[in-house]
Amino acid sequence: MGKTTIEKIISRASGKDVKPGDRVWCDIDISSARDFAGPNCCLQFEEVTEGRGKVWDPDKIAFTFDLQAPSHTEKVSNNQKIIREFAKQQGIEKVFDINWGIGQHVMLENGVVKPGHVVLGTDSHMNLLGGAGIFATGVGNTDIVASWILGKLWFRVPETDRITVTGEFQTGVCMRDFLTFLVGNLKADGLLYKAAEFYGPVIERSSLAERITLCSMITEMSGKIGLIQPNGEVLQWLVERGGEDVRESVEFMKADKDAIYCEDLHFDVSDLEPLVSAPHAPDNVKKVSEVAGTKLDQVHIGSCTNGRFEDITAAFNVLKAADFKINPMTRCIITPATREVMSQCAKAGYIEKFIDAGIVFTNPTCSLCTAQHYGALPSDDVGMSTTNRNFLGKVGKGSSTFLASPMTAMASAVRGMITDPRDILG
Amino acid sequence: MKVKGKVWKYGDDVNTDVIFPGKYTYTVLDPAEMGKYALEDLDPEFARKAQPGDVIVAGKNWGCGSSREQAATCLTSLKVGAVVAKSFARIFYRNAINQGLPVIQSPAAVDSIEAGEQIEIDFENGLIRTDQGKEFAFAPIPEYVRGILQDGGLVEHIRKSLGLE
Amino acid sequence: MGSSIIKGRAWVFGDDVDTDLIYHNKYLAVTDPAEMPQYAFEYYPGKENFAREVQNGDVVVAGTNFGCGSSREHAVYCLKEGGIPVVLAESFSRIYYRNAVNNGYPVLVAPGISSKFKDGDEIEVNLDTGEITNLKSGEKIHGDAVTDLEKEIMAHGGLLQYIKAHAGKE
Amino acid sequence: MGKTFAEKVLGKATGNEVSAGQIVTVEPHFCMSHDNAAPISKIFRDIGVNKVWDSSKLVFILDHAIPAPTDKHAQNHKVIREFVKDQGIEHFYDIMSNGGVCHQVMCEKGYALPGLVMVGSDSHTCTYGAFGAFSTGIGRTEMAATWATGKIWFKVPDSMKISVNGTFSRGVSAKDLILRIMGDIQSDGADYMSVEFHGKAIADMSLGSRMTLCNLGIEMGAKNAVCPPDDKVLNFIKDKAKSDKWESIWADEDACYEKALEYDLANIEPGVAKPHTVDNYSPVTEVKGTSIDQAFIGTCTNGRLQDLEEAAKVLSGKRVAVRTIVIPASWEIYRKAMSKGVIDILLDAGCVLANPGCGPCMGNHEGILAPGETCISTANRNFKGRMGNKESFIYLASPATVAASALKGEIADPREVLV
Numbered sequence: 001m002g003k004t005t006i007e008k009i010i011s012r013a014s015g016k017d018v019k020p021g022d023r024v025w026c027d028i029d030i031s032s033a034r035d036f037a038g039p040n041c042c043l044q045f046e047e048v049t050e051g052r053g054k055v056w057d058p059d060k061i062a063f064t065f066d067l068q069a070p071s072h073t074e075k076v077s078n079n080q081k082i083i084r085e086f087a088k089q090q091g092i093e094k095v096f097d098i099n100w101g102i103g104q105h106v107m108l109e110n111g112v113v114k115p116g117h118v119v120l121g122t123d124s125h126m127n128l129l130g131g132a133g134i135f136a137t138g139v140g141n142t143d144i145v146a147s148w149i150l151g152k153l154w155f156r157v158p159e160t161d162r163i164t165v166t167g168e169f170q171t172g173v174c175m176r177d178f179l180t181f182l183v184g185n186l187k188a189d190g191l192l193y194k195a196a197e198f199y200g201p202v203i204e205r206s207s208l209a210e211r212i213t214l215c216s217m218i219t220e221m222s223g224k225i226g227l228i229q230p231n232g233e234v235l236q237w238l239v240e241r242g243g244e245d246v247r248e249s250v251e252f253m254k255a256d257k258d259a260i261y262c263e264d265l266h267f268d269v270s271d272l273e274p275l276v277s278a279p280h281a282p283d284n285v286k287k288v289s290e291v292a293g294t295k296l297d298q299v300h301i302g303s304c305t306n307g308r309f310e311d312i313t314a315a316f317n318v319l320k321a322a323d324f325k326i327n328p329m330t331r332c333i334i335t336p337a338t339r340e341v342m343s344q345c346a347k348a349g350y351i352e353k354f355i356d357a358g359i360v361f362t363n364p365t366c367s368l369c370t371a372q373h374y375g376a377l378p379s380d381d382v383g384m385s386t387t388n389r390n391f392l393g394k395v396g397k398g399s400s401t402f403l404a405s406p407m408t409a410m411a412s413a414v415r416g417m418i419t420d421p422r423d424i425l426g
Numbered sequence: 001m002k003v004k005g006k007v008w009k010y011g012d013d014v015n016t017d018v019i020f021p022g023k024y025t026y027t028v029l030d031p032a033e034m035g036k037y038a039l040e041d042l043d044p045e046f047a048r049k050a051q052p053g054d055v056i057v058a059g060k061n062w063g064c065g066s067s068r069e070q071a072a073t074c075l076t077s078l079k080v081g082a083v084v085a086k087s088f089a090r091i092f093y094r095n096a097i098n099q100g101l102p103v104i105q106s107p108a109a110v111d112s113i114e115a116g117e118q119i120e121i122d123f124e125n126g127l128i129r130t131d132q133g134k135e136f137a138f139a140p141i142p143e144y145v146r147g148i149l150q151d152g153g154l155v156e157h158i159r160k161s162l163g164l165e
Numbered sequence: 001m002g003s004s005i006i007k008g009r010a011w012v013f014g015d016d017v018d019t020d021l022i023y024h025n026k027y028l029a030v031t032d033p034a035e036m037p038q039y040a041f042e043y044y045p046g047k048e049n050f051a052r053e054v055q056n057g058d059v060v061v062a063g064t065n066f067g068c069g070s071s072r073e074h075a076v077y078c079l080k081e082g083g084i085p086v087v088l089a090e091s092f093s094r095i096y097y098r099n100a101v102n103n104g105y106p107v108l109v110a111p112g113i114s115s116k117f118k119d120g121d122e123i124e125v126n127l128d129t130g131e132i133t134n135l136k137s138g139e140k141i142h143g144d145a146v147t148d149l150e151k152e153i154m155a156h157g158g159l160l161q162y163i164k165a166h167a168g169k170e
Numbered sequence: 001m002g003k004t005f006a007e008k009v010l011g012k013a014t015g016n017e018v019s020a021g022q023i024v025t026v027e028p029h030f031c032m033s034h035d036n037a038a039p040i041s042k043i044f045r046d047i048g049v050n051k052v053w054d055s056s057k058l059v060f061i062l063d064h065a066i067p068a069p070t071d072k073h074a075q076n077h078k079v080i081r082e083f084v085k086d087q088g089i090e091h092f093y094d095i096m097s098n099g100g101v102c103h104q105v106m107c108e109k110g111y112a113l114p115g116l117v118m119v120g121s122d123s124h125t126c127t128y129g130a131f132g133a134f135s136t137g138i139g140r141t142e143m144a145a146t147w148a149t150g151k152i153w154f155k156v157p158d159s160m161k162i163s164v165n166g167t168f169s170r171g172v173s174a175k176d177l178i179l180r181i182m183g184d185i186q187s188d189g190a191d192y193m194s195v196e197f198h199g200k201a202i203a204d205m206s207l208g209s210r211m212t213l214c215n216l217g218i219e220m221g222a223k224n225a226v227c228p229p230d231d232k233v234l235n236f237i238k239d240k241a242k243s244d245k246w247e248s249i250w251a252d253e254d255a256c257y258e259k260a261l262e263y264d265l266a267n268i269e270p271g272v273a274k275p276h277t278v279d280n281y282s283p284v285t286e287v288k289g290t291s292i293d294q295a296f297i298g299t300c301t302n303g304r305l306q307d308l309e310e311a312a313k314v315l316s317g318k319r320v321a322v323r324t325i326v327i328p329a330s331w332e333i334y335r336k337a338m339s340k341g342v343i344d345i346l347l348d349a350g351c352v353l354a355n356p357g358c359g360p361c362m363g364n365h366e367g368i369l370a371p372g373e374t375c376i377s378t379a380n381r382n383f384k385g386r387m388g389n390k391e392s393f394i395y396l397a398s399p400a401t402v403a404a405s406a407l408k409g410e411i412a413d414p415r416e417v418l419v
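Chains as they are written, first to last, in my numbering: chain P, 1 to 426; chain D, 1 to 165; chain R, 1 to 170; chain B, 1 to 419.
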């Protein structure tokens with residue numbers, strides 16, 4: 001019987017011929033932790049191994065710092081120190097300190113994680129790496145500690161949905177809008193425990209940044225992972241970062257023709273309009289036209305969902321079309337995903353234009369997404385953000401947040417209220 | 001106007017970060033709560049044990065550093081009776097008066113008064129007396145300053161002068 | 001796991017209770033699980049006093065997709081360490097479920113439960129059989145006791161204990 | 001007999017001839033507040049006056065924790081925005097990219113002007129003396145009272161004259177000079193005084209370097225610190241002066257000083273202030289090799305373009321060995337550094353380039369230390385607990401010394417790194 005991509009990856013990693021519903025132990029390629037929950041892992045590991053344990057393979061463990069980079073509280077500073085010291089003591093060299101950026105992106109850019117890998121991390125959006133054909137999943141600290149001891153972890157093999165995307169985006173509409181549509185369509189538990197594979201011309205043509213965006217909110221539908229088969233320029237980029245063996249893995253993980261899917265879903269993006277997730281749930285989806293004119297106090301562009309160079313370029317182009325001016329009453333913050341992205345923005349001349357427009361351009365980090373860094377909102381403020389969650393109180397008690405694409409976010413910063421980017425792009 | 005209490009003694013150049021750490025300046029907003037953090041990094045006992053009327057006796061340049069008024073407010077919040085020092089940093093001196101906290105310059109008193117002694121400060125006569133019977137005179141507080149202290153701080157003083165009472 | 005019969009009061013929550021509502025991101029830097037219960041449900045409208053008012057043995061009852069959002073294990077610790085013996089929900093988010101199992105913390109999937117209980121109802125749960133009784137109304141429903149691997153992990157008290165017990169046997 | 005700068009400025013402000021020791025009441029030309037405008041506005045309301053005496057004299061610049069890292073900080077900013085609206089305050093710099101660290105913004109936007117009397121609810125308000133202003137830090141209550149009444153009393157200060165001649169050796173800058181002066185006269189060496197900088201070396205210095213000197217006046221206990229308002233100043237303010245009340249005022253040749261000091265730059269070498277006091281001076285050569293965990297370049301003391309350029313000169317083409325946080329003092333500086341390629345160099349060297357603001361300087365924002373950690377910083381205070389943790393250690397130094405140390409992972413002499 002044929003296998004889906006996730007079944008192939010799990011079969012290889014577990015050495016078993018798996019089918020959905022099976023519980024199996026998989027070999028882990030990279031077990032990572034960040035400055036959130038990472039210290040819990042280190043402390044728990046030392047407790048469980050009574051301070052004498054050695055991790056199973058220091059080369060397969062990575063640490064990233066993005067929750068508060070740089071830290072603004074003593075507690076987090078101390079937590080980061082716990083990680084640095086643990087890494088030193090265990091001989092772990094893959095430590096991406098506060099100067100690197102958002103973990104998944106940093107590990108991808110640096111070839112630490114590659115297509116076909118099984119990757120763990122203390123971040124529920126680890127699974128955005130599915131956009132590069134990597135089986136990555138967010139777990140708690142206990143799972144991480146178990147993997148550091150065994151080099152393995154148990155998984156339930158998920159059923160897979162096949163989602164085919166056709167058509168062409170109109171001007172002002174992008175992958176984020178399709179993602180928002182999907183979350184609204186499938187709802188917060190629409191992919192409970194399941195995996196998804198994305199196919200179709202829209203996917204095949206898409207950039208790595210778009211693929212990451214699309215796979216970054218599978219968690220918001222309670223899914224395990226969304227996977228996209230690397231091809232074309234994306235594959236080329238992954239080979240450049242990860243080495244020639246990437247091609248082999250990509251060949252191997254291709255789903256069989258007779259693979260069995262739980263559901264087969266088809267969507268056409270041609271009629272799609274710019275969308276938002278209205279407060280206080282990602283699946284509370286509305287057309288921009290329905291909420292246009294809502295006054296905004298703050299706009300934020302960034303995060304693991306929409307913080308890549310292509311995302312910032314999309315926002316830049318909207319700003320350009322508006323003569324590089326934003327509404328002076330709206331605070332606008334842009335946070336690149338990584339230092340590499342920040343350098344790209346610097347070299348492309350974006351940052352100067354953003355500064356001239358009054359926009360705050362920060363160092364790469366998770367920024368306001370965890371509300372622990374840049375741009376917490378006061379009560380009654382209304383914000384718009386390209387992040388992936390707008391839960392009640394998440395970025396400040398009594399505030400509300402609309403989630404949107406980088407284009408919609410910038411268009412809204414330009415006017416100081418929720419705005420359809422097509423109004424500005426023409 | 002008199003103050004009576006136990007002496008807490010500290011050295012030279014006790015700065016505002018030590019008196020009230022910067023990390024609390026935007027997270028602790030209630031003056032009543034500020035006392036909890038007074039001298040946290042220098043003497044954790046102080047905030048827990050200081051009694052109303054107790055007096056801080058310190059070396060030179062007490063309160064150097066930042067302009068943060070919380071360095072004075074955290075002491076008034078604990079009802080500290082006065083600060084006696086060899087000298088004061090300028091901004092602290094003003095802030096203390098503006099908060100109604102008496103500040104007295106007396107190098108001689110500082111040299112001979114020890115931690116734990118009971119002392120009495122008589123502002124009208126410009127005298128510090130210890131329970132050992134030692135006495136130290138200090139220059140009377142300028143009239144303008146006395147006015148502020150008597151009104152309980154600058155806010156009340158201004159309200160009075162603007163006829164807002 | 002101690003006694004398999006649990007009796008307590010029900011605290012009833014809605015659908016899609018996310019991890020920020022269970023344990024807000026403001027407190028992520030906390031590493032000691034014993035410190036976490038004081039923050040449980042601080043951001044849940046109408047249940048802000050949960051941490052202060054909850055009594056040992058009280059049970060959390062919720063709708064679908066409980067624990068959606070972040071991977072923070074704090075959201076499990078803050079209930080487990082707070083003396084909540086079990087969480088009953090229509091369904092759980094994937095990561096929350098894992099984190100609970102990995103800590104030997106009983107979570108039962110109980111379809112229909114959210115309509116059977118009101119805040120404060122006396123509840124009895126038999127962890128062995130999965131039987132859940134509303135002692136006020138007398139209604140009974142069935143919760144799925146976890147199966148196979150999860151059950152074994154839970155029987156050991158959590159993943160790390162399970163690993164220790166199986167060391168060298170794999 | 002001649003008059004000092006302080007006597008002349010305060011005399012002009014009161015309209016009478018005044019001398020040191022006299023108490024005067026003046027109307028300040030500008031009142032600056034940062035994030036503490038929120039608590040000050042509460043005290044102002046307590047006074048019971050409805051409107052501030054002159055809304056055009058108030059300048060608000062958010063910098064302490066921007067953008068807001070927590071609900072509480074966000075709430076604080078909101079109070080300020082509402083007060084600004086309510087009182088019609090036009091000189092308001094929110095978290096947006098027209099601002100930066102308050103003192104830098106006050107200087108570069110043309111508020112700091114010769115002969116003005118300026119107060120700020122921040123101790124480093126003395127920085128504006130670099131432009132010939134009489135400026136000094138005051139507390140919250142006093143600021144609220146000034147908003148209400150438009151008046152503030154001062155004792156006309158005694159003055160200290162510091163004459164500086166000669167030229168800097170390679171790898172040495174204004175920060176090294178002022179660290180040395182602080183070491184010599186100690187942290188209360190200029191208590192209550194007005195510090196005047198004189199001499200050929202001051203005339204040769206850039207405005208940025210003069211700001212570094214005046215900025216640290218408060219760390220010697222001074223009420224204010226000031227440099228002569230020469231052509232460099234007049235050229236700079238020409239198109240941007242935010243008030244027409246300014247006037248070039250400088251001390252008379254025969255003014256009477258409480259203290260006078262002389263320095264020759266030839267004798268100044270790279271130096272540091274060791275933990276935990278600003279006057280705990282030591283030449284870099286004596287602390288070389290001290291291991292560090294973090295390097296920080298920024299603040300109102302040393303976050304200007306020339307400082308970033310100095311650091312870039314050291315870091316160009318190399319990689320930092322410890323985490324290095326660079327925070328330009330304002331967006332204008334960030335913007336210029338970007339155009340000149342300085343930002344590229346710093347990013348390529350592996351620095352964190354954070355958005356302008358005070359950063360970790362007073363323990364509020366990005367870059368707090370963990371227990372036992374050591375930081376070398378271009379900031380102005382190394383007090384115990386200053387950067388958020390009482391078990392940590394801070395060394396103050398020049399941008400070149402901090403950059404050289406960042407490269408080596410230990411305190412290093414910039415002269416050994418600079419080619």
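By construction, these hints were calculated from the structure, which means they are not laboratory data.
Some hints could be false.
Restricting the straight-line Cα-Cα distance to at most 30 Å, the calculated cross-link-like pairs of lysine-lysine (DSBU-like) are [unchecked claim]:
1) B:K259 with B:K242
2) P:K347 with B:K408
3) D:K49 with B:K384
4) P:K320 with B:K340
5) P:K152 with R:K151
6) B:K288 with B:K109
7) B:K240 with P:K320
In this text, all values refer to a predicted model and were calculated from it rather than measured experimentally.
query = In ascending order, which of the hints set out earlier in this document are inconsistent with the structure?
reply = 1, 6
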